[in-house]
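Mapping of the sequence shown onto UniProt numbering: position 73 corresponds to residue 73, and the numbering continues sequentially without gaps.
Take the hints with a grain of salt, since some may be wrong.
[What the hints assert, rightly or not] Restricting the straight-line Cα-Cα distance to at most 30 angstroms, the calculated cross-link-like pairs of lysine-lysine (DSSO-like) are:
{"id": "1", "residue 1": "K447", "residue 2": "K104"}
{"id": "2", "residue 1": "K536", "residue 2": "K447"}
{"id": "3", "residue 1": "K449", "residue 2": "K104"}
{"id": "4", "residue 1": "K547", "residue 2": "K536"}
To be clear, the hints were calculated from the coordinates, so they are not data collected in a lab.
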Amino acid sequence: MAMPQNSTGENGFCFTQTLDFSHSHPPPGEAGRTCGASLSNGTTSSGVPSPSDSCAEPLCSTTPGEEETQYHEGIKYVSTEGEELACGWGGFTPGCLQLFNTSKGVLFFLCVASFLQGMTVNGFINTVITSIERRFDLRSYQSGLIASSYDIAACVCLTFVSYFGGNGHKPRWLGWGVLVMGLGSLLFALPHFTTGPYEARSATEVGICGGNQSLPCAQAASSLSSYRFMFMLGQFLHGMGATPLYTLGVTYLDENVKTNYSPVYIAVFYTAAILGPAAGYLVGGMFLNIYTEIGREVDITPENTLWVGAWWIGFLGAGAASLLISIPILGYPQRLPGSQRYIVMRVSEAHQLKDGSHKKASDPDFGKTVKDLPRSVLLLLKNPTFIFLCLAGATEATLIAGMSTFGPKFLESQFSLSASEAATFFGYLVVPAGGGGTFLGGFLVNKFKLRCSGIIKLCLLCTVSSLLAIFIFFIHCPNMPMAGVTQMYEGSALPSGHLNLTAACNADCGCLEETYSPVCGSDDIMYYSPCHAGCKEVSKNLRNGKKVYRECSCIDKTLLPSPGYAEAGKCTSSCAKRTLLLLFMFVVILFTFLSSIPALTATLRCVSDRQRSFALGIQWIVVRTLGGIPGPIAFGSMIDKSCLLWQDQCGEQGSCYVYQNSAMSRYTLIAGLVYKVLGTTFFLVACLLYKPPPPESVPGSSDASEHGNHQEHKPSLPAGEDI
Numbered sequence: 001m002a003m004p005q006n007s008t009g010e011n012g013f014c015f016t017q018t019l020d021f022s023h024s025h026p027p028p029g030e031a032g033r034t035c036g037a038s039l040s041n042g043t044t045s046s047g048v049p050s051p052s053d054s055c056a057e058p059l060c061s062t063t064p065g066e067e068e069t070q071y072h073e074g075i076k077y078v079s080t081e082g083e084e085l086a087c088g089w090g091g092f093t094p095g096c097l098q099l100f101n102t103s104k105g106v107l108f109f110l111c112v113a114s115f116l117q118g119m120t121v122n123g124f125i126n127t128v129i130t131s132i133e134r135r136f137d138l139r140s141y142q143s144g145l146i147a148s149s150y151d152i153a154a155c156v157c158l159t160f161v162s163y164f165g166g167n168g169h170k171p172r173w174l175g176w177g178v179l180v181m182g183l184g185s186l187l188f189a190l191p192h193f194t195t196g197p198y199e200a201r202s203a204t205e206v207g208i209c210g211g212n213q214s215l216p217c218a219q220a221a222s223s224l225s226s227y228r229f230m231f232m233l234g235q236f237l238h239g240m241g242a243t244p245l246y247t248l249g250v251t252y253l254d255e256n257v258k259t260n261y262s263p264v265y266i267a268v269f270y271t272a273a274i275l276g277p278a279a280g281y282l283v284g285g286m287f288l289n290i291y292t293e294i295g296r297e298v299d300i301t302p303e304n305t306l307w308v309g310a311w312w313i314g315f316l317g318a319g320a321a322s323l324l325i326s327i328p329i330l331g332y333p334q335r336l337p338g339s340q341r342y343i344v345m346r347v348s349e350a351h352q353l354k355d356g357s358h359k360k361a362s363d364p365d366f367g368k369t370v371k372d373l374p375r376s377v378l379l380l381l382k383n384p385t386f387i388f389l390c391l392a393g394a395t396e397a398t399l400i401a402g403m404s405t406f407g408p409k410f411l412e413s414q415f416s417l418s419a420s421e422a423a424t425f426f427g428y429l430v431v432p433a434g435g436g437g438t439f440l441g442g443f444l445v446n447k448f449k450l451r452c453s454g455i456i457k458l459c460l461l462c463t464v465s466s467l468l469a470i471f472i473f474f475i476h477c478p479n480m481p482m483a484g485v486t487q488m489y490e491g492s493a494l495p496s497g498h499l500n501l502t503a504a505c506n507a508d509c510g511c512l513e514e515t516y517s518p519v520c521g522s523d524d525i526m527y528y529s530p531c532h533a534g535c536k537e538v539s540k541n542l543r544n545g546k547k548v549y550r551e552c553s554c555i556d557k558t559l560l561p562s563p564g565y566a567e568a569g570k571c572t573s574s575c576a577k578r579t580l581l582l583l584f585m586f587v588v589i590l591f592t593f594l595s596s597i598p599a600l601t602a603t604l605r606c607v608s609d610r611q612r613s614f615a616l617g618i619q620w621i622v623v624r625t626l627g628g629i630p631g632p633i634a635f636g637s638m639i640d641k642s643c644l645l646w647q648d649q650c651g652e653q654g655s656c657y658v659y660q661n662s663a664m665s666r667y668t669l670i671a672g673l674v675y676k677v678l679g680t681t682f683f684l685v686a687c688l689l690y691k692p693p694p695p696e697s698v699p700g701s702s703d704a705s706e707h708g709n710h711q712e713h714k715p716s717l718p719a720g721e722d723i
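The whole structure should be built from the sequences, with the hints applied where relevant.
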């Protein structure tokens, strides 16, 4: 079958000398220039010399100015196993699709998939979880189970997917994974359509002095809470579908590009995954300003605690997009045309075990059956560099998970921001620092052509830099004064840990602690609620739309001709240390993400070629179980120690309303130092224990196998010629 033309620049390959492994016996008469021939496990289409001899000659000889090479009629992209290397589905391989049958085409579709995964799981879920709790009467621990279902599914599937998918047809595993992820998003949105319309409870005006009504504590259990199992199943499908993306997707990219370009491709891939959550926060926040029952007129606004936004729209869009993007991914071949070109240019950098057992993984038949699974695990466990890179990744994942979960809360408390302002602020901080650091890490590895040892040293440098920057948490912004919480109503200091929300000025108001709605008084002091400030009237500020409470008896009126007033929301902080705190937080995030792609590249290079997908799967399990899952719990428990004011839910402790900023900074510093010191130690040990292969290793040796992610071994070239 005649195939379309293909460029010999990046993915095409051709040989002026024919190549053959010593034990292959090609048919006679096939000699001369061969383009598109495949090399794998000792079989080629023609030739006599061995690979080591061929590496001394140019891989492709073209005339000056020649940019494209015409394929002979009837030549197919064929691997040694006999499968076609054309892009398509079954026998349907139209020529127009071959334009995308390149490493850049794969990168584009995988970037879209990782963007959708990040936007859905790390963006939409975190944005709408409060609305889902309100709509389906869920408790916090139940919504926590929904969020954890993603990591549970990933841990369950990682071993199976990375082991069998790593030795199978990776694009098919990837395509089906993205399709399952899309089904999970559609399932997550399904409860909106299977329940009755949302009816907000009576929005009676509560909060002003004399206007409070008692809030019933005992509420009948709602049958809507059982929908949490559908949400958990949707998240479980998200986890299953995303599992191949960050294991097989990375190795597929790595196998089909030049070794020097691999870190850049992987960095672009991960940058898309980081930009996804930022888009999820922005788009999800926009949807939450739309009432969940579209088209229905309601008398409440998004600021009302009874409001439920259109949380489900984002999941419908992301689900449909995932289903569409899975189609082209499923059409890619097991190997891209021309990817075999790089096999003879690579040298193994796998860690050398003393007993030489690392050579077992070079067997072409290794890893194709479940019988090899225990031996694969044992080989990885005997690799100290891999083990300590996994542990270092777990410590970094703990920090990233903790920062992403509680970073907005830290900014909210330190700078006295609203929750939405803090989330937006944190997004503006993370996108350039996280996305830029991720891309810059891959760029540096490519720019300086670092080998495995140098990459680990770069990770160590980044970790030490962020360790020094984390000392910024020694400083903090002072708490805004809050009557009855940080100080007495008359202005005197309040003993730590003691609350006194009742004073003579509000004793007759009948204020309830359940109605926490902070206001900022005209005396620049915050109050627990308009009722606790003694306010008797409410109006609306036409300038900014905020509610204004007047006739407030508790607000100091010595300097005012009439009783003070208060405005809904927190008082604005004028912390002089804000810029310094934000600058060093940016540095911490930048250097934390800067080491992520180099650490991933070092992991790929320190293991045998056929174990790379499985090694990434094992690493993800370690990172999730030791870092991603316990990270938010560890940071959350540390931050909770700094709480000044807890929510009272009918006698049971709820979430924290007010934190003590000095204690929050101190505990954040302790947690950050512990994990950064551990990360530095693990990278240092990994660097010291790494044992590279001897310098005489050449392509075709027992340590160089089919798709190694290794440093390029450039053959000597005649004058004036280049690869």
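Verification of the supplied hints:
Restraint check for K447 and K104: satisfied, since their Cα atoms lie roughly 19 angstroms apart, inside the 30 angstroms limit. Pair hint K536 plus K447 does not hold up; C-alpha atoms about 67 angstroms apart against a cutoff of 30 angstroms. Of the supplied pair hints, the one linking K449 and K104 holds, its CA atoms being roughly 21 angstroms apart against a limit of 30 angstroms. For the hint linking K547 to K536, the alpha-carbon distance of about 13 angstroms falls within 30 angstroms, and the restraint holds.
In the structure shown, a violation is registered for the earlier hint numbered 2 alone.
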